[in-house]
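As you go down the protein sequences, you meet chains A and B in turn.
Using our numbering, you'd call the opening residue of the first sequence number 1 and step up by one each time.
Using our numbering, you'd call the opening residue of the second sequence number 1001 and step up by one each time.
Hints listed in this document are in silico derivations from the structure and should not be mistaken for laboratory results.
Take the hints with a grain of salt, since some may be wrong.
In silico EDC-like links for lysine to aspartate or glutamate, alpha-carbon gap of 20 angstroms or less [stated by the list, open to error]:
hint : chain 1 : residue 1 : chain 2 : residue 2
1    : B       : Lys1338   : A       : Glu55
2    : B       : Lys1368   : B       : Asp1380
3    : B       : Lys1203   : A       : Glu458
4    : B       : Lys1203   : A       : Glu188
5    : B       : Lys1136   : A       : Asp196
6    : B       : Lys1338   : A       : Glu56
7    : B       : Lys1174   : A       : Glu458
8    : B       : Lys1174   : B       : Asp1141
9    : B       : Lys1338   : A       : Asp196
10   : A       : Lys524    : B       : Asp1380
11   : A       : Lys100    : A       : Glu216
12   : B       : Lys1372   : A       : Glu188
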Amino acid sequence: MLEIVLQSLSSLLTPEHLIYLMLGVVLGLIIGVFPGLGGIAGLSLLLPFLYGMDEESALATLVGLVAVIPTSATFTSILMGIPGSSSSQATVLDGFPLAKQGQASRALGAAFSASLFGGILGAIILTFFVQIARPVILVFGSAELFMLAIFGLSMVGALSGKSLVKGMLSCGFGLIVGCIGAAPATGEFRMVYGVDYLFDGLPLVVIALAIFALPEISDLSRKGSSISQKAELGKGLYRGLKDLLQHKWLALRCSGLGTLIGAIPGMGGSVVDWIAYGHGVQSTRDKSNFGKGDIRGVIAPESANNAKEGGALVPTLLFGIPGSGSMAVFLGGMVLIGIEAGPSMVTSDINLTYTIIWSLAIANILGAGLAILLAKPMAQLTSIRFNLLTPFMIMVISFAAYQATRDMMDLWVLLIFGLIGIYMKRFGWSRPAFLIGFVLSQQAESYLNMAVQFYGWEMFLRPGVVIIILISLVSMYYSRKGAVDENSEHSGKKLKANYRFRPQLMFMVLLIVIALVSIFDSLKQSFLGGIFPLIIAGAMVPAGLWVFYFLLKRDPDQGVVFDSEQLDESPGGSVYSVVIWIGIYYLASQLFGFLIATLLFFVAFLALRAKTSILQTLTLTGVAVGVLLLFNYFLNLYMPEGYLFNLNFF
Amino acid sequence: MFFKYMWARLSSSGSKSLLLSTVAISLLAVLLIGCRQSSGALLTNGGEELFAGRTIEYIIPYKEGGGSDTWARFNATFLTRYLPGNPVVVVRNIPGGGSIKGANLYSQRASPDGLMILGTSGSTQLPYLLDDPRVKYTYQDWKVIAAYPNGGVVYCSPELDVSSIADLKNIDEKHRLMYASQGPTSLDIVPMLAFDLLGLDVKTVFGFRGRSAGRLAFERGEVLIDYQTSAGYLRNVLPLVEEGSAIPLWSWGVLDENRKLVRDPSFPDLPHFGEVYEQLTGKPTEGIEWDAWFALMSAGFGGMKLLVVPQETPEAIVEAYQQAFLAMRQDTEYIERKDRAIGLYTQEVGDQAEILFELATQISHEEKEWVKTWLRQRYDLNIP
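The following block holds chain A by itself, in its conformation from the complex (with noise of 0.2 angstroms):
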């Protein structure tokens, strides 16, 4: 074996495959920088130039592109708190109150650092694993996956914020939200009331970019500030390495646990940082710090997203079975090369296995480097008066989110979530649990019903499930010693006394009627159809009536009462106003096309609200409208067609 992991090493450390690798690296930093972009939108735009190439050079871009997508995901997590990729969403929790605090520098080296560590661990892991990998996936049945998905959800009480109760119907508001679309156990269609849109369910980077970033920058704009309070950016790097070296067990840990995920198929890769994240805050003894700005906060999802990847490359070569949307189009780049994912990548083409998985291990080498070179200038990002990033945060979202399904509606419903989570995020609902149920609701609801048909009750002796059902109360049990408020900004000022308390009980009667709803649309369905989404909803609805109950009593002393717009401290300027910014910018684009409403929303934001100067204004248009195009007309992605005009222009 020693033999073969050498002669593949040669192999790779020639100077071309390097310079390929590096070319792979630097688009997949490029892309990863765009929050909402992505593996998927980085390897497509790279599979029309794969057909030119040979093999090896081909491959190596692929891979070098998938390996650094979460490390450069990293930067808009921490330095504006818009999670930059299905993979880096924990990290915001942390390292966006991190970058307030003046300390971005060290976030973002702790970060990459961490990247690094978890990248190059996972090789290693890989290395030893891929040769048993087989056997081990195939333990791995629907009743084990049902429980996989199980143990994800268990995160949620460590992330529920100062209510469990809130957070679990947070998280199953989000179960029911995934159940819009096709039934898994029947193909019925629920709750799409015949929008098309629907059918297919809510895409997941439309809803996480709305749940998290859009009341973040509705915040931002508002307070008009910049982001960093304070003026030290540039330290804190060589901070941030000590840091992860201090905390290295998390680390090691954590990128286990992200390989490991990672390699099981049908898990998806969008809940590893959340579940290393969850383990981090159990493990952990003193967690009062923890969605305040804790290093280890920031530590534990970045060594797991980048192992992650590579975990994820098992069951795609070895199987044929992508295990996330990246490793998808990952595969079908590997047949458009003429490499055939199967058993034989452990048997006769074990070198070419092996030259993949050092690939990643040298491709995040070169990531993080390069990382923490950018580091120091994108961290002045953070002083910049937030009002001139707004629009440009809002376009770049925004033309994501449409790469999601290439429909208007997804702007739409990023608008609509967004809302809803601005809300979320008043009120003190907790995001992270609405996200974790909304993730896993699929899987859960079809694995489970996969294993009732093939084990029926018997499912609950397998050992398997026996075990993961221990590690998931031994994880809640630990999580209720003291869960994550991601409000904790909030924390220790009080509600004024005469707060108005109607916001919060129409929030919570939204999320009733919503239930309602659900629980009427899984009656019209067959029982297969309906059973998942019934039993949640009909849970939901008891405990929204106790909330209701404990918010009609008003004390402020209860967890369940939160209102951050009715602090004594209350910050001005309007909640509404970026929504209502955004609303029009969607309207102009849905009659002019998204170029046109672009360049009018910037000069329009820019000239009235950021009040810059008719030269400011003139460049940084230019400078969005050029973004666009290059979007477009490079990289083949298209933009939001209008009633009157379509400009995409290839």
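Chain B: place on chain A using the hints.
Chain B only, in chain A's frame:
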């Protein structure tokens, strides 16, 4: 009120001129683009350089990375090479609604100039044949350029102790046959109906994502019978057959020039489904049940991938495409890469493509009603 306020704000901040200049810029942009777009309509009458300087949009109603996408990207390269004028061919993926969205969009948008082509697949044909209310396209509006058939192989676990097809009739009680399906209206309708026609007691479990997920369930031992499309079978199941952990049963077969089902040339040793049907049921391959299955099989496999253009497209343009497909068959790079990239079958043009197109996109009223009734009775599924 609002406008007055806005205007006052504008005047006070001195942005009026700015607004005006923006309007001017956008008007200019619109004009520019208008010119670009209108120039697209001037396609000349089939000279040698028919597509010189043009960009062809190859619409694929599926996600990047899947089978249809790979098929399109593979062809795109050679279309550029062999279409007169060497146009740029861009694959545009419009996924959604299991390909319905992209096909709908195509039927609204495409003009008969050969600059926008659509690659359909089995799951574009099936909802059309079964009157899915979301379908707004009709194949009668389209003309076929090329057709690419596919096949599949059904295999089972050695646990079942099946050494010949006839043994399938006497599987013992202990082994409950289950099939991991993607859904009742997916391509899996072909195997599901096939099992029923043979009188096999197979329970269907839905919710699997992709055929490969079903194969994984087979490898885990959760299901004992499964099928894979030809490429998937060769790549991932044949190794299992060789090590003795899977037994091939039959292939779907392929459609010949007489519209008959014959053995798949990729699997000459395996009986096609028609043979198995005759052997196990003792009935000839005719009658409504068989015809209904045959129609679905043709849509799903026999004429799986169809490259189409609008019906009114001039003959010269269609011919140019057909010539390109004929020419690429001789290309050494094509020959070298084709089997691994898209599979073993021939990309048909001309008469055979017409036949496959016809078979894949037509179903008689009776057959359709029979399938709907079967779906209702067997899976409690109501299709209007």
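> Does lysine 1174/B pair with aspartate 1141/B here, judged by a C-alpha cut-off of 20 angstroms?
Replying inline: 52 angstroms, violated
> Are the Cα positions of lysine 100/A and glutamate 216/A separated by 20 angstroms at most?
Replying inline: Holds, at roughly 12 angstroms.
>> Against the 20 angstroms threshold, does the CA-CA distance of lysine 524/A and aspartate 1380/B hold or violate the hint?
In response: 13 angstroms, holds
>> Please verify whether lysine 1174/B and glutamate 458/A have alpha carbons no more than 20 angstroms apart.
In response: Holds, because 16 angstroms separates the two Cα atoms, which is no more than 20 angstroms.
> Going straight from one Cα to the other, do lysine 1368/B and aspartate 1380/B come out at no more than 20 angstroms?
Replying inline: 16 angstroms, holds
>> Given the hinted pair lysine 1338/B and glutamate 55/A, is their Cα-Cα distance within 20 angstroms?
In response: Holds - the C-alpha atoms of glutamate 55/A and lysine 1338/B are around 15 angstroms apart, at most 20 angstroms.
> Given the hint that lysine 1338/B pairs with glutamate 56/A, does the C-alpha gap stay at or below 20 angstroms?
Replying inline: Within the cut-off at roughly 19 angstroms; holds.
> Given the hint that lysine 1338/B pairs with aspartate 196/A, does the C-alpha gap stay at or below 20 angstroms?
Replying inline: 36 angstroms, violated
> Do the alpha carbons of lysine 1203/B and glutamate 458/A lie within 20 angstroms of each other, as the hint requires?
Replying inline: Roughly 18 angstroms separates the two Cα atoms, so the pair holds.
> Has the given pair, lysine 1372/B with glutamate 188/A, been kept, meaning a C-alpha gap of at most 20 angstroms?
Replying inline: Satisfied, since the Cα-Cα distance of roughly 15 angstroms is no more than 20 angstroms.
>> Hint check: lysine 1136/B vs aspartate 196/A, CA-CA at most 20 angstroms. Holds or violated?
In response: This hinted pair holds, its Cα atoms lying about 12 angstroms apart.
> When you check the alpha-carbon spacing of lysine 1203/B and glutamate 188/A, does it fall within 20 angstroms?
Replying inline: 18 angstroms, holds
Violated hints for the displayed structure, listed by number in ascending order: 8, 9.
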